[in-house]
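*Asks:* All chains, please: the whole structure from these sequences, using the hints.
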Amino acid sequence: MNRTQTHRQHPPNAKSTHDTMVDGHVTIAELEKEYESGDERTTAIEDFSVTVPSGEFLGVVGPSGCGKSTLLYLVAGFLEQTTGTIAVDGDPIDGPGTDRGVVFQDYALFPWRTVMGNVTYGLEEKGVGKEERRATAQRFIDMMDLDGFEDKYPKELSGGMKQRVALARTLAYDPKILLMDEPFGALDQPLRESLQDHLIDIWRELEKTVIFITHDVEEAVYLSERVLIMTRHPGTKKTTVDIELDRTQPREELVLSDEYTATKNDVWQSLREETTPGGEH
Amino acid sequence: MSYADFRLETVAETIPNPFRRVVRFVFEWIPIAIVAGLWELASGTAVSSEILPPPSAVFAVSWELLVSGRILPHLQVSLYRIGVGLGLSIVVGVALGVGMARVKPIENFFEVFLALIYPVPKAALVPLAILWLGIGTETAILIVFLACLLPIVLNSYNAARNVDRNLIWSARMMGMPAWKLPIKIVVPATIPSILTGIRQAIPIAFIALVSAELIASNRGVGFEILRHGQIGNYTSMFAVLVVISGTAFVAVRGYEWLERRVVTWT
Ligand SMILES: Nc1ncnc2c1ncn2[C@@H]1O[C@H](COP(=O)(O)OP(=O)(O)OP(=O)(O)O)[C@@H](O)[C@H]1O
Ligand SMILES: [Mg+2]
Numbered sequence: 001m002n003r004t005q006t007h008r009q010h011p012p013n014a015k016s017t018h019d020t021m022v023d024g025h026v027t028i029a030e031l032e033k034e035y036e037s038g039d040e041r042t043t044a045i046e047d048f049s050v051t052v053p054s055g056e057f058l059g060v061v062g063p064s065g066c067g068k069s070t071l072l073y074l075v076a077g078f079l080e081q082t083t084g085t086i087a088v089d090g091d092p093i094d095g096p097g098t099d100r101g102v103v104f105q106d107y108a109l110f111p112w113r114t115v116m117g118n119v120t121y122g123l124e125e126k127g128v129g130k131e132e133r134r135a136t137a138q139r140f141i142d143m144m145d146l147d148g149f150e151d152k153y154p155k156e157l158s159g160g161m162k163q164r165v166a167l168a169r170t171l172a173y174d175p176k177i178l179l180m181d182e183p184f185g186a187l188d189q190p191l192r193e194s195l196q197d198h199l200i201d202i203w204r205e206l207e208k209t210v211i212f213i214t215h216d217v218e219e220a221v222y223l224s225e226r227v228l229i230m231t232r233h234p235g236t237k238k239t240t241v242d243i244e245l246d247r248t249q250p251r252e253e254l255v256l257s258d259e260y261t262a263t264k265n266d267v268w269q270s271l272r273e274e275t276t277p278g279g280e281h
Numbered sequence: 001m002s003y004a005d006f007r008l009e010t011v012a013e014t015i016p017n018p019f020r021r022v023v024r025f026v027f028e029w030i031p032i033a034i035v036a037g038l039w040e041l042a043s044g045t046a047v048s049s050e051i052l053p054p055p056s057a058v059f060a061v062s063w064e065l066l067v068s069g070r071i072l073p074h075l076q077v078s079l080y081r082i083g084v085g086l087g088l089s090i091v092v093g094v095a096l097g098v099g100m101a102r103v104k105p106i107e108n109f110f111e112v113f114l115a116l117i118y119p120v121p122k123a124a125l126v127p128l129a130i131l132w133l134g135i136g137t138e139t140a141i142l143i144v145f146l147a148c149l150l151p152i153v154l155n156s157y158n159a160a161r162n163v164d165r166n167l168i169w170s171a172r173m174m175g176m177p178a179w180k181l182p183i184k185i186v187v188p189a190t191i192p193s194i195l196t197g198i199r200q201a202i203p204i205a206f207i208a209l210v211s212a213e214l215i216a217s218n219r220g221v222g223f224e225i226l227r228h229g230q231i232g233n234y235t236s237m238f239a240v241l242v243v244i245s246g247t248a249f250v251a252v253r254g255y256e257w258l259e260r261r262v263v264t265w266t
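Residue numbers (UniProt numbering), protein chains in the order written: chain A, 1 to 281; chain B, 1 to 266.
Worth double-checking, as some hints may not be accurate.
What the hints assert, rightly or not - With a Cα cut of at most 25 Å, we get these calculated BS3-like pairs of lysine-lysine:
#1 A:126 - A:152
#2 B:184 - A:155
#3 A:130 - B:180
#4 A:130 - B:184
#5 B:184 - A:126
#6 B:184 - B:104
#7 A:264 - A:237
#8 A:130 - A:152
#9 B:104 - B:180
#10 B:180 - A:126
#11 A:238 - A:264
#12 A:152 - B:184
Everything labelled a hint here was simulated from the structure, so no lab data went into it.
*Replies:* Now the structure itself:
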């Protein structure tokens, strides 16, 4: 049984299949983003279209500077596109919204707030009462193995802990779509792997749509149901690769399996054409 | 305090913890002790003790001024002026700094203005201030306010301009409307720099205060310096100076102590 099937099976009391299919569905069409600084104009994203169905885990890889962050911040509504449309569940987005939650590479925690204060932030903005806020936040703090650190300030935490707080903070206000920009890039291998597995569990349990940016091919293949490869500057969609792996096996077996190696090589090969000067594109 | 730190990093490592504070204290005060010693020797030998009274006499008078309470009414007036002037400069300075960083027209309006008043010694404004506000507290407050405004505006302006874009975006994605950002994100993110600005402003406040009181007051510690000087009582004049410098020192140290205890997240 592959993971695509796993997460599409909903318990009988879940919303109708149709609703679920519509919830957190991202459509990007003919997107273009041009940066202007002074007289300089840089086209970061060009002719970019993709549809991310609700509940999908989409990995995005591409050469450095190809516009991955730009793409993510456009979807988040932080930046405005030059042309094209971005729609969530059919409605074009208008700036940032609580239906989308970003996890930044550098955590972006509020240094003046404790772990608890950071995780309750979104709920406060939603107007959730204090008791409920704390209860919900506590659930995500526990999920991230951060219990006991509720009253610590970000400066008192390690990088991995900060990233878990950032993840808890974004999950706590329950966005349908998670947008992650190389969130584990700065972490060491064991920590990165543990957070990856955490993320898969969360994604399954909470049924989020995830767009996950990384420059690490293994990470993309390990996590995603589909990997989108971007061309080098200006970024366009080169191709997408479906990842069909037997997710029932434990990590140590999965990463040694032939399918995993083959898929990884496909993605790597495709990406390599973009990163090697003079390569075909 | 680089002198003390420089010595202590090497010396203090070898000393058991409880004694380190004592050692640090001693090292910190050694330079002062040396200068005081030389001054004591010079006074009455190299220079007439009439115009350079020995530190022993000066400190004795300072002490007497404090315990007898004779200086206290003046100190009280002066500290009140500093408190109000500095307090106003914090409120106005932070609002202006954050406003300039976030709103282009405010920035355009005040940028030139600040650049122009920056090099003007605030003491030079005292005669003008007397013209507007007369001799007394208001003039001193105005001068303290103007002098303290710059470090506070500049520190908060620079920090507010460079607030991590991801912090702003984090707040926005969690549903914060843009109009709440200055108060909820920009000011808190700027607090470490605001505190630095205030710390820089405290000694400046004392400088401004004394320069105002020397000319435009008939009370306060600055006025006391002038009064003692005019009647030729140079030992007392020096003694008041020592009181002022000691008060400013205690104010800065007290502020740093408070800052460490109140703002624990920086
Ligand atoms: N604010 C900006 N102004 C002008 N150009 C920009 C700006 N931000 C990004 N760019 C340009 O847009 C292009 C894409 O940048 P982006 O940060 O999206 O790349 P990326 O794929 O995330 O790179 P990396 O993998 O190194 O993080 C780059 O050429 C970059 O120089
Ligand atoms: Mg990037």
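*Asks:* Mind checking the alpha carbons of residue 184 of chain B and residue 155 of chain A for me, to see if they're no more than 25 Å apart?
*Replies:* Cα-Cα ~19 Å, so holds.
*Asks:* Within a Cα-Cα threshold of 25 Å, do residue 130 of chain A and residue 184 of chain B meet the stated pairing?
*Replies:* Roughly 18 Å separates the two Cα atoms, so the pair holds.
*Asks:* Does the alpha-carbon distance linking residue 238 of chain A and residue 264 of chain A stay inside the 25 Å limit?
*Replies:* Given that 25 Å is the threshold and the Cα spacing comes to 16 Å, the pair holds.
*Asks:* Does residue 152 of chain A pair with residue 184 of chain B here, judged by a C-alpha cut-off of 25 Å?
*Replies:* 20 Å, holds
*Asks:* Quick one, are residue 184 of chain B and residue 126 of chain A close enough, alpha carbons at most 25 Å?
*Replies:* Holds, at roughly 15 Å.
*Asks:* With the threshold set at 25 Å, check whether the alpha-carbon distance from residue 126 of chain A to residue 152 of chain A stays at or below it.
*Replies:* 24 Å, holds
*Asks:* Is residue 130 of chain A within 25 Å of residue 152 of chain A, Cα to Cα?
*Replies:* 19 Å, holds
*Asks:* Assess, step by step, whether the Cα of residue 130 of chain A is no farther than 25 Å from the Cα of residue 180 of chain B, and give holds or violated.
*Replies:* Since the Cα atoms of residue 130 of chain A and residue 180 of chain B sit roughly 20 Å apart, the hinted pair holds (cutoff 25 Å).
*Asks:* For the pair supplied as a hint, residue 104 of chain B and residue 180 of chain B, is the alpha-carbon distance within the 25 Å limit?
*Replies:* 17 Å, holds
*Asks:* For the pair supplied as a hint, residue 180 of chain B and residue 126 of chain A, confirm whether the alpha-carbon distance does not exceed 25 Å.
*Replies:* 14 Å, holds
*Asks:* CA of residue 264 of chain A to CA of residue 237 of chain A, is that 25 Å or under?
*Replies:* 18 Å, holds
*Asks:* Would the hint linking residue 184 of chain B and residue 104 of chain B be met if the CA-CA limit is 25 Å?
*Replies:* 20 Å, holds
Hint compliance for this structure: no hint is broken.
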